[in-house]
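Number of protein chains: 4
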Amino acid sequence: MPGVGDKIDVLDHGFVRLDAAEATDLSVVNGARVSFLQIKDEMDDRDEKLIRFLMREKHASPFEHNLFRFHVKCPIAVAREWMRHRWSSFNEHSLRYSEAIESFYVPAAEQVRTQTGKPGRYTFVPMEEETAEKVRAMMEAQYRQAWDTYQSMLDIGVARELARLVLPVGLYTEFYWTVNARALMNFVALRNAEAAMWEIRQYGEAVEEFFAAQMPSTHKAFVEFGRVAP
Amino acid sequence: MPGVGDKIDVLDHGFVRLDAAEATDLSVVNGARVSFLQIKDEMDDRDEKLIRFLMREKHASPFEHNLFRFHVKCPIAVAREWMRHRWSSFNEHSLRYSEAIESFYVPAAEQVRTQTGKPGRYTFVPMEEETAEKVRAMMEAQYRQAWDTYQSMLDIGVARELARLVLPVGLYTEFYWTVNARALMNFVALRNAEAAMWEIRQYGEAVEEFFAAQMPSTHKAFVEFGRVAP
Amino acid sequence: MPGVGDKIDVLDHGFVRLDAAEATDLSVVNGARVSFLQIKDEMDDRDEKLIRFLMREKHASPFEHNLFRFHVKCPIAVAREWMRHRWSSFNEHSLRYSEAIESFYVPAAEQVRTQTGKPGRYTFVPMEEETAEKVRAMMEAQYRQAWDTYQSMLDIGVARELARLVLPVGLYTEFYWTVNARALMNFVALRNAEAAMWEIRQYGEAVEEFFAAQMPSTHKAFVEFGRVAP
Amino acid sequence: MPGVGDKIDVLDHGFVRLDAAEATDLSVVNGARVSFLQIKDEMDDRDEKLIRFLMREKHASPFEHNLFRFHVKCPIAVAREWMRHRWSSFNEHSLRYSEAIESFYVPAAEQVRTQTGKPGRYTFVPMEEETAEKVRAMMEAQYRQAWDTYQSMLDIGVARELARLVLPVGLYTEFYWTVNARALMNFVALRNAEAAMWEIRQYGEAVEEFFAAQMPSTHKAFVEFGRVAP
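So the sequence lines, in the order shown, correspond to chains A, B, C and D.
Mapping the first sequence onto my numbering, position 95 (from 1) lands on 95, and the numbers just tick up by one.
Each number in my numbering corresponds to the 1-based position in the second sequence with 230 added.
Each number in my numbering corresponds to the 1-based position in the third sequence with 460 added.
Each number in my numbering corresponds to the 1-based position in the fourth sequence with 690 added.
Hint data in this document are derived by calculation from the structure and do not stem from the laboratory.
Mixed in with the good hints, there may be bad ones.
Said to hold, decoys possible - In silico SDA-like pairs for lysine to any residue, Cα to Cα no more than 25 Å straight-line:
1) A:K58 - D:K697
2) D:K910 - D:R707
3) D:K697 - A:F36
4) A:K7 - A:A137
5) D:K748 - B:G456
6) B:K348 - A:I101
7) B:K270 - C:S554
8) B:K450 - B:K348
9) B:K348 - D:E782
10) D:K730 - A:S94
11) A:K118 - C:E684
12) C:K518 - A:A196
13) A:K134 - B:R374
14) B:K279 - C:K680
15) B:K288 - D:R742
16) C:K518 - C:F635
17) A:K49 - A:F36
18) C:K518 - C:R546
19) A:K58 - C:V688
20) B:K288 - B:P446
21) C:K518 - A:R56
22) B:K288 - D:G693
23) A:K58 - D:E782
24) A:K7 - D:F705
25) C:K578 - C:N646
26) D:K910 - D:R742
27) B:K288 - B:H301
28) A:K7 - D:Q728
Keep in mind it's a predicted model, so treat the numbers as computed, not measured.
Build out the structure end to end from the sequences listed, making use of the hints.
What follows is the structure, given as structure tokens:
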């Protein structure tokens, strides 16, 4: 089971690393038990039941007394969805302060897909291998050219904040993300879900794996009651 | 003075439009006067003094009882900084749900600049006109190519959410932004400021203009006490 | 139907008054339609369906582009539960800045009740009328005494912020509450609900009435999909 | 220096206990250095300078990647001010779920004070000892009576949620409070300050002591730049 300091590789160059955690099932139990002035040092058998009760009844606040700090590397397109989660703290690699790193997301051949259907209920179908490889080559060529233009502008002396404008949203970025279990569950509920883009879903899975390892009873209850944040 | 329904053009293709407002100096005054159970129907002379007092002493909460709803068009690079403001509501044009619009930001020649100095205290110097025009041409060419690749991928049938990966952060996006005066002042303090990227600063100015028109006494106090959000 | 400026009486001395609103079903529709760059000036028939879709699929952000500003008078015990709602703005009558008003909540005889069962699933049974009247008399006597002690302390010159310490949580307070429809629905889901204290539920009902009048299609969808905030 | 598990006594019966912390100066440094992709395992001499830079320039987000979880016992009047801090998580002793504990705040004789001046700039002057003792006796008598009425109502069978209405805001309550350093500094800036009520200021001091022990460089910079949250 992945823990603090571990890194889960995601996509071709990305990762999710758990940088720190102060997150236990006991923190949930005590968050609830303070209502009765019955704080504990250890979980017992009734406490798993308590966590299930809180999850089912959507008593959400006891799930907030904890912290997960992640270090993430993902494409900008994925980061843009991620940073819409506001009950979170972020710090990100700045392309004003430093140069970009040459690292772009190219989907594996089996992930090159077409899209049919309506918003929220798209069906994605893998393309034939030959087409997929062609698409991958198009993306790679486009990325390379964007990178060359970026470098040429920097060579002439253009400010980094302007030169970056030609860089595509397939470029990888890195950031710190700090979040509590309640907001993390909301992220997982929305992003490790069928309606989510396949790429962010891989990140959602990695985040969920770390969560399940730190707070097994909470995760179990989350799954049992429909993977909805309380 | 710009009001609800008005649009301020920003950069080459962008804008800030005030879609709705429920924002008056009186709402600040009453937010404070409810502490004394002395709510009013109209401002009087002492109330401007009260607003100055609240701003100076950083009594921030009375500045929250109001709403500005903006419709914004700006480059993705600008939107990414904007959406880091969490005490806000956003909905944005989705490149999963619909196709991109061919609209890219190319800085005017006098805005093509070099960068020297340290983070937070950069100095930007305009490049010579000839170089500036060359840079603009490089950007335009790069944008065109990215657009062509995007279109080719769509033509083959690649899903929009994948095809978008080659689109650059210089692409324009559009979004709704709803915010109260306290959070708006924080935005203006950070983004209509010397340390901000010139491009977002133009948006910060437009937002500030709408703010000053709706809440003149609040804006005056904001400026008087150093353009810091209370 | 109650609108801006109207006041709904609640309990023996309380009320909920809608001080301002910038809240329409159209704001929800446009919050969603900006994803497709299809903003509108008026609702049409398909839009009610869109709102139902957003509610069912828990696409929550389009419900945030609006404002309700309420003026509320309620017992401190009720205000304490209310102010746990953090995606909200509050300003309250201050007992440091001004004196208390002699106004206390005494439940009507039919609301004097006993409690059985477990947390979250209590059953409340009305007491016999004679007992109920006795309880009401006990509360009134206790309130009167607390008030007298408060006044005596003020008479001697004790600071208001100290004198208030003897005042009971049955004392009425007043505050401004500004909130968007998403947070309002969360309030109503939790407070106009069976598990809520009967007294706050009356306030939840009043808030819901104002909400239903301003945003009828949104309210209808909220009810249809189980009275859960999206 | 107080650390995790330690308890600082406050007022006559209250305390602040640090239940857990994941909060280091290094987390601030890394929150900033991720902008340059230069994450570290240990602080060095330049990093204290970096923290001072971030504080002075109000680069606030790097101060959010950490957690303090406190267990607090304080009078309800103090808790009410505390819980207005929204970038925080709270769970509190519930007087619906369990009975109150007989524990009330009576100020020490030297804290019985009069109040003169205007809101925000009150002057408080201690009362003469004889008067002070008289005031203390009045409060104690009033508390005792409220307690007796509360108990009598419970004895008759009145629901706890109703019986509590007679309890005064001088009653002690307990809660869990989880917060990051940025929000903690905002709390300390407002509550361990001259304009704050003396009683909450004692809690502000205790919180600040724990903060200074966990994040000494951050605390030093906080003090150096005027005790204002970044």
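Structure-based check of each hint:
no., hint, result
1, A:K58 - D:K697, "violated, 32 Å"
2, D:K910 - D:R707, "holds, 22 Å"
3, D:K697 - A:F36, "holds, 20 Å"
4, A:K7 - A:A137, "violated, 29 Å"
5, D:K748 - B:G456, "holds, 14 Å"
6, B:K348 - A:I101, "holds, 20 Å"
7, B:K270 - C:S554, "holds, 17 Å"
8, B:K450 - B:K348, "violated, 32 Å"
9, B:K348 - D:E782, "violated, 47 Å"
10, D:K730 - A:S94, "holds, 17 Å"
11, A:K118 - C:E684, "holds, 23 Å"
12, C:K518 - A:A196, "holds, 13 Å"
13, A:K134 - B:R374, "holds, 20 Å"
14, B:K279 - C:K680, "violated, 45 Å"
15, B:K288 - D:R742, "holds, 22 Å"
16, C:K518 - C:F635, "violated, 30 Å"
17, A:K49 - A:F36, "holds, 16 Å"
18, C:K518 - C:R546, "holds, 20 Å"
19, A:K58 - C:V688, "holds, 10 Å"
20, B:K288 - B:P446, "holds, 18 Å"
21, C:K518 - A:R56, "holds, 18 Å"
22, B:K288 - D:G693, "violated, 32 Å"
23, A:K58 - D:E782, "holds, 17 Å"
24, A:K7 - D:F705, "violated, 40 Å"
25, C:K578 - C:N646, "holds, 24 Å"
26, D:K910 - D:R742, "holds, 8 Å"
27, B:K288 - B:H301, "violated, 29 Å"
28, A:K7 - D:Q728, "holds, 17 Å"
The structure fails hints 1, 4, 8, 9, 14, 16, 22, 24, 27 (numbered hints given earlier, in ascending order).
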